[in-house]
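The task is simple: from the sequences and hints, build the whole structure.
Number of protein chains: 2
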Amino acid sequence: MDAEWQHQHIENHDDFLGLTVNSGIEQPESFSSESVTRFLSRKRKALLSVDEYVRGILEGNITVLSQAVTLVESSKKEHQIIAQDIILKCLPYSGKSLRIGITGVPGVGKSTFIEAFGKFLTNQGRRLAVLAIDPSSERSRGSILGDKTRMEELAADPHAYIRPSPSAGSLGGVARKTRETVILCEAAGFDTVFIETVGVGQSETVVHSMVDFFLLLMLAGAGDELQGIKRGIMEMADVIAINKADGDNIHKAELARVQYKNAMHLFPTADSGWTPQVFTCSAYAKTGLEQVWSAINDYTKLTGDNGYFRYKRSEQARFWMFETINDRLKSDFYLNPVIKAALPDFEEKVQREEISPFSAATQLLENYYHL
Amino acid sequence: MDAEWQHQHIENHDDFLGLTVNSGIEQPESFSSESVTRFLSRKRKALLSVDEYVRGILEGNITVLSQAVTLVESSKKEHQIIAQDIILKCLPYSGKSLRIGITGVPGVGKSTFIEAFGKFLTNQGRRLAVLAIDPSSERSRGSILGDKTRMEELAADPHAYIRPSPSAGSLGGVARKTRETVILCEAAGFDTVFIETVGVGQSETVVHSMVDFFLLLMLAGAGDELQGIKRGIMEMADVIAINKADGDNIHKAELARVQYKNAMHLFPTADSGWTPQVFTCSAYAKTGLEQVWSAINDYTKLTGDNGYFRYKRSEQARFWMFETINDRLKSDFYLNPVIKAALPDFEEKVQREEISPFSAATQLLENYYHL
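As you go down the protein sequences, you meet chains H and F in turn.
In terms of this note's numbering, the first sequence opens at residue 18 and continues consecutively.
In terms of this note's numbering, the second sequence opens at residue 18 and continues consecutively.
Hints listed in this document are in silico derivations from the structure and should not be mistaken for laboratory results.
Mixed in with the good hints, there may be bad ones.
What the hints assert, rightly or not - Derived DSS-like pairs: lysine-lysine, alpha-carbon spacing no greater than 27 Å straight-line:
no.	chain 1	residue 1	chain 2	residue 2
1	F	LYS366	H	LYS94
2	F	LYS278	H	LYS278
3	H	LYS269	H	LYS318
4	F	LYS366	H	LYS113
5	H	LYS278	F	LYS269
6	H	LYS106	F	LYS113
7	F	LYS106	H	LYS366
8	H	LYS366	F	LYS113
Claimed, not checked - Okay, the calculated bits of chain H under chain F, using three or more residues with CB under 8 Å as the criterion:
no.	segment
9	192-203
10	274-287
11	345-358
12	368-381
Everything numeric in this text was worked out from a predicted model, so none of it was measured.
The beta-carbon is built from N, C-alpha and C at its ideal position, and this holds for glycine as well.
Right, here's the structure in full:
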């Protein structure tokens, strides 16, 4: 029986109980550097100076923006140095967009929604960047690129910029890259940023910590579809949109809306002072999009007036500084060869309750500090 | 307006967005060591050898158990060495209790509930240890001791052992001590352990990571009372008990029960395979306690059969090893005098968006490693 649980949960063991265990460990110099190097060597002759990158970005040159994002995503030290310099110089021009997190399990119609909602916004003259956080794409390479192909209209829209998730790496690493890409996109004049993720793991918490507004897509029916959504995610949502409210499904979706609306009332009040809203919509029939957008505007107005919007932004920046430090402290420890060799044995003993977790930790730390 | 937010949230800034920022930092050699030293010097003549402690604990000697717990709570290195040795020797005799987390905001009637439910269990021949995690007791010293005084009947019960929360310290530190106290209590023959906490902060997540079953106490009325409960806590509950279902309140409590029951259906299924239950109860009238207990037994049976109970225990042990390591890595960094001096300036610059969080982190880490 235990074996069954082990099997079912093996992929999730890093976020057991919603808490991070031994995660956020970036493998430096390994992931995706191959493709980055290939890309950069192809472009080598075209490599620009930091000032040229910055100028290009500020002029809204998408080719230059893309090249700079590739540097941000690179794990090579020399690329990182240039990237950090570009970011530093773009910072004063960033921060002016509305950052919207969009999540929902596979099957909820996320790419169709993003395409429809994105077009709705660019038609109003907004400039939209679509980014993604999907650490799982390491396993299923191309899944987000697949989405891009499906977002044909938006991909062809000159007012939209779609950038697939950094192709692999730890959640912490991917998150950092996405966060820095937001800065570059804002400096390039994008006034709306979508950060999409799949509602099945820890990535929502990470997205939540870098956006102003969090939109959860759901389907009608409280049954099977829901099982993919992780606990705790519903309570992060500023708006729940029940998608696919079209055709025969309209009545079911409306019922679901009422149910969720009632349930949301039982939730504790959010720090923002905002009461989460529930709508139905159809990305396919392009209905309900105005409602979602109008709720986002109401939210922005409310939190602008009560100071929460700016408060959240500055706390997020602070949070990311600490996250980066803590990630590095951990990765330096866990990637140390001595620790790597000793850890599995300690883990086993702790799980078998042969030693206490505290005493195992103390012994490992002593090994580390006395190297 | 920002000032208002800063003010309201200053006490919570460590768990902004439900994520830990710069927390879990134990101040070694400082907190509560004064009272511990006073206690131990009073008892100095009576200090036992490790084997005497262990023997006393295994015999169920409450005085010896209390002394050992005091060593666990001490931040003195020499006490910690003895404590770890005692824990190691008690480990083989531990693990056999049912560990129940109990939470609810102040005013929900938690101590009355614990007294009534505790008596209900000891009357059935169970031996009960009541522990608490309340990092806030640093500020409001004596609050839990106050509870103990209020739990008069239980405190006088020879089958119950009530231990107040370690009086101060970081959440990580307090949690570690409570977790190790559980081991000692189990070795002393307690077959049921309550770990209580106040439903207003991060401590629930910590309690959730060290118990088998999580009980949330609520009040009827979805209004003001709820605002104190942090988001995400409801979704952790295995049972919600709506307390004070007595007198004029019975009807209101029953209504609330139905509402919560419906809302719980919308939640994602728990990994345990258990469907959270909602009951009404009255600690005052001593009603509904059998239902809660019977649900706990159903849960234990279900998760015993499907393997989740043991799986969760072993993952918790593993989790605590990593937590302890990560806490130490962080405290070594953040308590370093050079970092302590440099950090506030970087924090401000990051919040004002003058430098990127990543670049601030990198600079601080370089300072640290090149000391």
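Here is how each hint holds up against the structure:
With a C-alpha separation of about 24 Å, the suggested pair F/LYS366 and H/LYS94 falls inside the 27 Å cut-off, and the hint holds. For the proposed pair F/LYS278 and H/LYS278, the alpha carbon gap of about 15 Å is at most 27 Å, so the pair holds. The hinted pair formed by H/LYS269 and H/LYS318 fails the criterion: a straight-line CA distance of about 32 Å is larger than 27 Å. Under the criterion of a C-alpha separation no larger than 27 Å, the hint pairing F/LYS366 with H/LYS113 is consistent with the structure, at around 18 Å.
Between the alpha carbons of H/LYS278 and F/LYS269 the distance comes to roughly 20 Å, so the proposed pair stays at or under 27 Å and holds. For a cut-off of 27 Å, the pair hint linking H/LYS106 to F/LYS113 is broken: about 59 Å separates their Cα positions. A C-alpha spacing of about 14 Å is found between F/LYS106 and H/LYS366, which places the hinted pair at or below 27 Å, so the restraint holds. Distance hint between H/LYS366 and F/LYS113 is fulfilled; the C-alpha atoms sit about 18 Å from each other, no more than 27 Å.
Coverage of the segment 192-203 of chain H by chain F holds in this model, with 4 residues showing a Cβ closer than 8 Å to a Cβ of that chain against a need of three. Here the segment 274-287 of chain H counts 10 residues with a CB under 8 Å from a CB of chain F, which clears the bar of 3, and the coverage holds. With 4 residues bearing a CB less than 8 Å from a CB of chain F, the segment 345-358 of chain H meets the requirement of three and the coverage assertion stands. Proximity of the segment 368-381 of chain H to chain F, defined as three or more residues with a beta carbon under 8 Å from a beta carbon of that chain, is established by the 13 residues found.
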